[in-house]
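Undergrad: Which chain is which? The protein sequence lines are A and B, in order.
Letter 350 of the first sequence, counting from 1, is numbered 350 in full-length UniProt numbering, and no numbers are missing.
Letter 632 of the second sequence, counting from 1, is numbered 632 in full-length UniProt numbering, and no numbers are missing.
Possibly wrong hints are sitting among the right ones.
Identical copies look the same in the list; a pair holds intra-copy or inter-copy alike.
Below, simulated SDA-like cross-link-like pairs (lysine to any residue); rule was C-alpha separation at most 20 angstroms, straight line [what the hints assert, rightly or not]:
{"no.": "1", "residue 1": "Lys381", "residue 2": "Tyr424"}
{"no.": "2", "residue 1": "Lys245", "residue 2": "Asp270"}
{"no.": "3", "residue 1": "Lys537", "residue 2": "Asp516"}
{"no.": "4", "residue 1": "Lys67", "residue 2": "Glu419"}
{"no.": "5", "residue 1": "Lys67", "residue 2": "Asn569"}
{"no.": "6", "residue 1": "Lys388", "residue 2": "Tyr424"}
{"no.": "7", "residue 1": "Lys429", "residue 2": "Ser150"}
{"no.": "8", "residue 1": "Lys245", "residue 2": "Asp269"}
{"no.": "9", "residue 1": "Lys451", "residue 2": "Ala149"}
{"no.": "10", "residue 1": "Lys491", "residue 2": "Asp384"}
{"no.": "11", "residue 1": "Lys381", "residue 2": "Gly501"}
{"no.": "12", "residue 1": "Lys632", "residue 2": "His55"}
{"no.": "13", "residue 1": "Lys130", "residue 2": "Lys451"}
{"no.": "14", "residue 1": "Lys491", "residue 2": "Thr146"}
{"no.": "15", "residue 1": "Lys525", "residue 2": "Thr696"}
{"no.": "16", "residue 1": "Lys359", "residue 2": "Phe34"}
{"no.": "17", "residue 1": "Lys675", "residue 2": "Val633"}
{"no.": "18", "residue 1": "Lys566", "residue 2": "Ser547"}
{"no.": "19", "residue 1": "Lys89", "residue 2": "Gly486"}
{"no.": "20", "residue 1": "Lys69", "residue 2": "Pro175"}
{"no.": "21", "residue 1": "Lys429", "residue 2": "Ser390"}
{"no.": "22", "residue 1": "Lys451", "residue 2": "Asn111"}
{"no.": "23", "residue 1": "Lys491", "residue 2": "Ser23"}
{"no.": "24", "residue 1": "Lys462", "residue 2": "Lys491"}
{"no.": "25", "residue 1": "Lys381", "residue 2": "Gln495"}
{"no.": "26", "residue 1": "Lys451", "residue 2": "Gly128"}
{"no.": "27", "residue 1": "Lys60", "residue 2": "Ser107"}
{"no.": "28", "residue 1": "Lys462", "residue 2": "Arg620"}
Derived by calculation from the structure, the hints in this document are not laboratory data.
There are 2 protein chains.
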Amino acid sequence: MSIQPYPTSSWGHGRIAIDRSNSDESSLPEFEAFDSVTPRAPTTQTISVLGVDMHAADNKRLHNTSKYKNSNLIVRRNNEFFITISFNKPFNNQQDNVQIELLIGSSPDVNKGTYIILSIGIEKITGGWKSRVVEARGNNVTVGITPDASCIIGRFRTFVVIVSDFGKQRTQRNPDTDFYVLFNPWDPADQVYMPRETDRQEYVMNDVGVIYNGEFNNITTRSWNFGQFEEGVLDACLLALDAGKVPILYRGNAIEIVRQGSALMNSQDDDGVLVGNWSGDYSIGTAPTAWTGSPEILLKYARESCVPVCFAQCWVFAGVLNTFMRCLGIPARVITNYCSAHDNTGNLKTDIVLDEDGKVDRSRTRDSVWNYHCWNEVYMKRLDLPEKFSGWQVVDCTPQEISDGLYRCGPTSVNAIKEGELSYPFDAKFVFAELNSDVIYRQSDKYGNSKIISVDTAYVGKLIVTKRVNSNAYEDITSTYKYPEGSDKDKQTMQNAERRGVPTRDYLPVAEAGVDIELQADTIKIGDNFKLKMNIKNQTSQTCTVSATLTGSAMYYTGVTSMTFKLENKTAMVKPWNTTNLMVDVQAVDYMPYLVDQANLLFVVNGRIEETGVSLSTMRVVTLRPPELTIKVSGTPRVGKDLLVIISFRNPHNFILKKVQLRLDAPGLITTRMKSYEQILPGGSVQYTETITPQTPGKKVLIGCLDCAALRQVTNQLEINVV
Amino acid sequence: MSIQPYPTSSWGHGRIAIDRSNSDESSLPEFEAFDSVTPRAPTTQTISVLGVDMHAADNKRLHNTSKYKNSNLIVRRNNEFFITISFNKPFNNQQDNVQIELLIGSSPDVNKGTYIILSIGIEKITGGWKSRVVEARGNNVTVGITPDASCIIGRFRTFVVIVSDFGKQRTQRNPDTDFYVLFNPWDPADQVYMPRETDRQEYVMNDVGVIYNGEFNNITTRSWNFGQFEEGVLDACLLALDAGKVPILYRGNAIEIVRQGSALMNSQDDDGVLVGNWSGDYSIGTAPTAWTGSPEILLKYARESCVPVCFAQCWVFAGVLNTFMRCLGIPARVITNYCSAHDNTGNLKTDIVLDEDGKVDRSRTRDSVWNYHCWNEVYMKRLDLPEKFSGWQVVDCTPQEISDGLYRCGPTSVNAIKEGELSYPFDAKFVFAELNSDVIYRQSDKYGNSKIISVDTAYVGKLIVTKRVNSNAYEDITSTYKYPEGSDKDKQTMQNAERRGVPTRDYLPVAEAGVDIELQADTIKIGDNFKLKMNIKNQTSQTCTVSATLTGSAMYYTGVTSMTFKLENKTAMVKPWNTTNLMVDVQAVDYMPYLVDQANLLFVVNGRIEETGVSLSTMRVVTLRPPELTIKVSGTPRVGKDLLVIISFRNPHNFILKKVQLRLDAPGLITTRMKSYEQILPGGSVQYTETITPQTPGKKVLIGCLDCAALRQVTNQLEINVV
């Protein structure tokens with residue numbers, strides 16, 4: 001029963017006008033005559049509006065939004081804010097009919113929550129929004145407005161309307177009276193309510209964090225400037241939603257914001273914020289390893305009219321998505337999973353194919369095990385699911401697989417993953433596979449026939465970590481995702497998963513060798529020669545002769561190998577109940593020419609027990625440690641006083657570092673600074689000095705990052721306390 | 001551990017090569033040398049292939065695919081088919097290493113099921129496909145091949161490969177050996193297994209059906225040519241998947257085919273098959289009411305390089321989606337829901353807004369109740385859901401609302417809808433609202449304040465029907481979707497739905513009037529004057545005075561009204577426990593100028609009881625019956641003998657019918673014939689004669705349809721038995 005045409009051929013033209021941009025506006029007439037009345041201007045006796053004061057500073061204090069560097073009012077849902085309207089004469093409740101109109105998008109509609117009409121003096125609830133007169137003094141009336149607990153988030157426009165018998169007289173459009181509504185983790189009625197203040201301070205209010213990478217034996221840390229309060233970041237986040245054409249109507253639902261946000265942070269399919277690149281060649285953009293935080297990226301995206309920013313890998317995606325969530329008021333954190341399977345076919349099997357000689361057959365190995373993978377968790381009530389699946393939800397914006405047409409993943413309940421309850425939206429099976437895949441070593445002959453030679457059920461999803469609340473140490477949250485490997489509960493989870501369409505583990509149990517191979521290495525610096533220890537443990541009562549092939553390759557953190565630099569055969573005779581340690585020498589001259597990105601080496605060993613013909617396989621990633629970047633400050637940091645920051649670096653290698661980028665980031669102190677060096681000679685040093693004048697007291701973090709093609713991710717951070 | 005680059009910026013360029021077209025091919029070398037061997041041609045002693053016979057006719061009989069008008073082999077999953085390879089000499093199991101390669105798409109990959117390698121003589125299972133030598137006679141070997149029960153569906157290419165020590169010698173590309181693999185409802189291992197043969201004959205094999213429309217008091221019938229076996233239709237269905245870029249990898253999963261199919265039958269977002277149009281102006285295309293079946297539409301789409309076909313409404317969408325499903329082997333049927341809510345905000349409330357005078361306020365009424373709405377059901381195991389949610393699934397390709405970014409809906413389990421279990425994918429809440437919304441009558445004043453005046457909880461989802469198996473009568477399947485209104489189970493369902501995020505019914509119970517208004521009408525022909533009976537039933541012990549406002553509008557079947565042609569006030573005094581019948585005269589001269597599409601009139605009555613001030617509302621749709629189209633044949637229809645079909649029509653109206661289209665469709669006899677008439681004068685007649693020569697015996701249906709702007713959907717059908 002509507003007179004609008006039905007959608008005929010494209011988005012947004014339709015019976016259901018689909019409004020997909022918070023930047024677009026409709027213009028409302030300043031005078032709107034009522035039907036069947038000859039329009040004429042209101043008489044002079046009528047009350048009129050002289051001004052509207054949004055009380056931005058005062059309201060922001062009440063709404064935990066003072067930290068946003070934005071001159072407009074920012075409020076949170078279901079929390080009252082106050083505005084004062086100045087009239088030309090005292091407001092008379094009996095005579096004057098005054099309405100406040102709050103609008104969002106270009107086709108505001110009372111039925112859709114995009115057009116809120118509140119009457120002053122009449123306590124009335126419209127679409128869940130409440131208003132009341134708090135004070136009337138002289139010609140001024142102060143009104144308290146409480147947004148609905150599930151209202152649309154974004155930038156609203158404010159109008160005041162005088163209603164007479166002839167029509168409506170509206171105030172002029174004034175951007176100063178625009179205000180933003182955000183999710184409210186402080187309010188029990190909000191979908192993203194988070195009960196503890198310490199949690200909210202970390203997961204919503206903390207604008208700097210730590211992301212873990214490296215490998216699970218050697219976890220490394222990098223600080224990240226989330227910068228959700230930096231000038232322009234909130235507008236950039238809303239712009240990303242507009243660029244992704246997310247209907248305004250859906251923007252009150254955190255599930256929708258999270259799901260679409262996971263699609264919009266990557267450039268695949270929808271010109272989202274970041275272009276993923278794992279090729280090793282980042283020359284036409286910024287290397288993923290070179291960034292120090294999100295604001296630089298989001299502001300570049302907004303400044304350049306939504307052209308995707310080059311380049312990102314998983315921790316950059318996760319860092320920026322974290323900013324997006326916290327900025328809009330959704331509690332969020334960055335997670336690292338060691339090691340993370342990327343299983344092409346969703347069959348919970350990650351195949352490593354070896355050739356007849358036991359070498360890794362790079363052309364036949366399609367799946368990969370990421371050394372680590374970063375994703376995010378967001379905290380919310382899942383109103384669409386049974387109650388036990390509320391709480392932390394996985395969301396992953398790194399473009400890995402298509403979910404229902406777009407590159408996106410989640411939100412999916414962490415509790416559901418743990419129980420193997422994979423039927424519920426969204427993408428639970430993919431996340432489950434990242435955490436629970438088995439590594440299958442297959443040997444293949446030249447005709448393409450392959451057989452399984454060994455299976456490792458514990459390699460993937462060994463350790464899942466996130467930054468601890470109010471600390472930079474990591475918290476092991478593996479137990480929130482998984483029951484202990486092999487426990488009854490774990491078996492129950494695997495059975496549930498199979499009942500929900502995860503393929504059963506259909507390979508036969510591999511013959512028990514009774515012999516184990518293990519690879520060990522210490523912490524090693526880039527450029528060092530080192531020894532890799534191969535321990536062969538014979539747990540049988542027979543002597544065994546093991547002939548082993550070790551393949552050493554340079555590897556991206558995604559498990560994709562670039563070059564094989566070492567191939568060595570070793571044979572050992574191991575006595576019953578004994579362990580033999582073989583040493584493999586690894587020389588810098590061998591690996592240095594092939595190092596890529598984060599300087600990972602992958603060693604795969606394939607052994608054969610001569611006496612029984614049984615095969616053994618294992619693999620080990622060694623992450624080499626880069627040279628140090630030092631950050632120092634001069635004297636005690638004080639508010640209003642100049643502080644000197646000195647970053648220095650010495651090239652310890654015997655090769656020239658070319659086109660070096662050095663970044664200094666200091667959330668709450670300065671915006672990201674970048675300095676380029678054409679080259680740094682072998683043994684040469686650079687020193688970069690910046691003067692900062694702190695404006696507010698408290699703990700701050702200085703983040704430094706040096707990056708060039710030959711040496712990635714040389715990072716450091718320094719915490720300072722401004723007094 | 002792959003050497004391909006990771007996806008960098010767009011679909012399909014990526015580490016995970018995403019192959020989205022069955023039409024694209026890779027070319028394979030005719031000779032492929034093994035690594036580390038100097039390539040040279042095979043020696044003359046080697047066996048070579050002279051030809052491959054796909055035994056299309058014989059295999060098709062075994063696979064229930066003989067009806068497809070397609071010269072290539074068409075098989076179903078997990079059912080063996082036989083091909084014969086002719087060699088230049090007898091095949092020697094010990095000496096000769098011969099492989100059959102089956103490929104689909106442009107980047108065939110053994111790990112993805114897009115590249116099947118079967119060895120002759122070695123009984124081996126590759127990716128679930130099986131092969132065995134059935135017979136070796138002379139130089140010929142007949143091989144039995146059984147596709148995996150969950151393999152990819154589509155068009156495969158066949159190669160035979162001779163493997164020598166030097167490399168692989170491959171047969172040339174030959175389109176004659178291409179074959180199609182379809183879903184297999186006959187096989188218990190297939191996801192779409194349907195146990196009963198009578199059901200399979202109806203829901204997979206029946207190529208003509210009946211779609212119900214009209215209104216629930218006056219159900220009308222139109223035959224529809226599904227034509228899934230017609231020449232070119234299978235290719236058109238696969239082309240639609242290609243046009244929609246559905247990854248080949250996903251095409252073995254019926255859930256994915258159904259979900260993407262529901263997006264691809266409409267042109268919104270993805271240039272799918274049909275353009276929806278409910279405007280009343282279809283002059284630049286074919287009116288939705290003028291079509292007689294799917295083949296004409298699908299073949300036009302394919303012929304015109306995937307330019308969307310103009311125009312469709314719900315039954316056309318449902319008819320074409322039904323063809324798509326049955327053609328690919330997924331059991332499917334067309335459903336009609338009387339009346340169907342289209343609730344803009346997903347809140348289970350459909351608002352009818354009346355103005356101060358009790359007239360329908362067309363500008364404020366945003367939701368609508370469709371007189372009827374057609375969707376489809378498909379039958380499948382939902383491996384992703386708990387077992388009880390397998391069986392019939394709702395899928396709807398009429399573009400109504402966006403689901404996860406695209407216009408699509410489903411599949412969603414009918415059982416889950418019935419239980420109010422709305423957490424499971426896909427779009428259960430939307431379907432639930434179509435069936436269970438309440439109609440809320442609101443009265444609104446000019447300031448925009450509105451109050452609820454009455455609620456009808458039973459108007460929507462009253463009756464759900466589909467064609468009965470092996471009959472043209474309808475089957476009432478309401479009980480598969482809903483428990484009886486008001487039963488304990490029904491209440492439980494509503495509670496479950498609320499727990500899954502459906503908003504609670506938050507309006508207060510409306511004061512019980514004790515007085516009912518009902519509207520009644522007989523079956524009425526277009527152009528007739530008629531009487532509408534308004535029955536006012538007083539079930540109280542007080543006399544009541546009812547003043548009622550009746551609004552009569554011409555209406556599209558979507559509930560969208562075009563013009564108000566009648567507005568009448570009536571007053572009646574009704575004695576206690578008595579019924580008063582008021583008659584309202586409706587004159588043809590009043591409604592004829594405004595009739596649209598399927599000639600529906602909507603009457604809404606709003607009454608007020610003077611004594612108590614209580615309001616009453618009700619509405620009633622009257623579908624006017626069009627003049628008759630007659631279809632006759634000459635003599636007894638016999639195979640091979642000319643049969644004369646005569647369609648005639650007389651214009652009974654006093655106005656000229658302009659630009660008249662007349663269609664004759666006869667599935668299995670002829671392709672759709674269309675005849676145009678510039679005009680038919682008042683009282684004038686047309687007669688159209690077509691000569692048909694039946695090729696096969698059995699029951700056939702002749703479908704006729706006459707359509708023009710002033711008179712829509714004049715249809716008839718005649719069943720004949722060819723002997």
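Undergrad: All hints are to be evaluated individually against the structure, with a verdict given for each.
TA: Right, here's what the structure says about each hint:
no. : hint              : verdict
1   : Lys381 <-> Tyr424 : both (14 angstroms within a copy, 16 angstroms between copies)
2   : Lys245 <-> Asp270 : both (9 angstroms within a copy, 15 angstroms between copies)
3   : Lys537 <-> Asp516 : within (5 angstroms within a copy, 88 angstroms between copies)
4   : Lys67 <-> Glu419  : neither (39 angstroms within a copy, 47 angstroms between copies)
5   : Lys67 <-> Asn569  : neither (61 angstroms within a copy, 62 angstroms between copies)
6   : Lys388 <-> Tyr424 : both (12 angstroms within a copy, 15 angstroms between copies)
7   : Lys429 <-> Ser150 : between (29 angstroms within a copy, 18 angstroms between copies)
8   : Lys245 <-> Asp269 : both (12 angstroms within a copy, 12 angstroms between copies)
9   : Lys451 <-> Ala149 : neither (58 angstroms within a copy, 23 angstroms between copies)
10  : Lys491 <-> Asp384 : between (27 angstroms within a copy, 19 angstroms between copies)
11  : Lys381 <-> Gly501 : between (26 angstroms within a copy, 11 angstroms between copies)
12  : Lys632 <-> His55  : neither (41 angstroms within a copy, 80 angstroms between copies)
13  : Lys130 <-> Lys451 : between (68 angstroms within a copy, 17 angstroms between copies)
14  : Lys491 <-> Thr146 : neither (49 angstroms within a copy, 33 angstroms between copies)
15  : Lys525 <-> Thr696 : neither (39 angstroms within a copy, 81 angstroms between copies)
16  : Lys359 <-> Phe34  : between (82 angstroms within a copy, 17 angstroms between copies)
17  : Lys675 <-> Val633 : within (18 angstroms within a copy, 88 angstroms between copies)
18  : Lys566 <-> Ser547 : within (16 angstroms within a copy, 95 angstroms between copies)
19  : Lys89 <-> Gly486  : neither (77 angstroms within a copy, 56 angstroms between copies)
20  : Lys69 <-> Pro175  : within (16 angstroms within a copy, 65 angstroms between copies)
21  : Lys429 <-> Ser390 : both (18 angstroms within a copy, 19 angstroms between copies)
22  : Lys451 <-> Asn111 : between (62 angstroms within a copy, 14 angstroms between copies)
23  : Lys491 <-> Ser23  : neither (51 angstroms within a copy, 43 angstroms between copies)
24  : Lys462 <-> Lys491 : within (16 angstroms within a copy, 46 angstroms between copies)
25  : Lys381 <-> Gln495 : between (27 angstroms within a copy, 18 angstroms between copies)
26  : Lys451 <-> Gly128 : between (63 angstroms within a copy, 15 angstroms between copies)
27  : Lys60 <-> Ser107  : neither (28 angstroms within a copy, 56 angstroms between copies)
28  : Lys462 <-> Arg620 : within (13 angstroms within a copy, 64 angstroms between copies)
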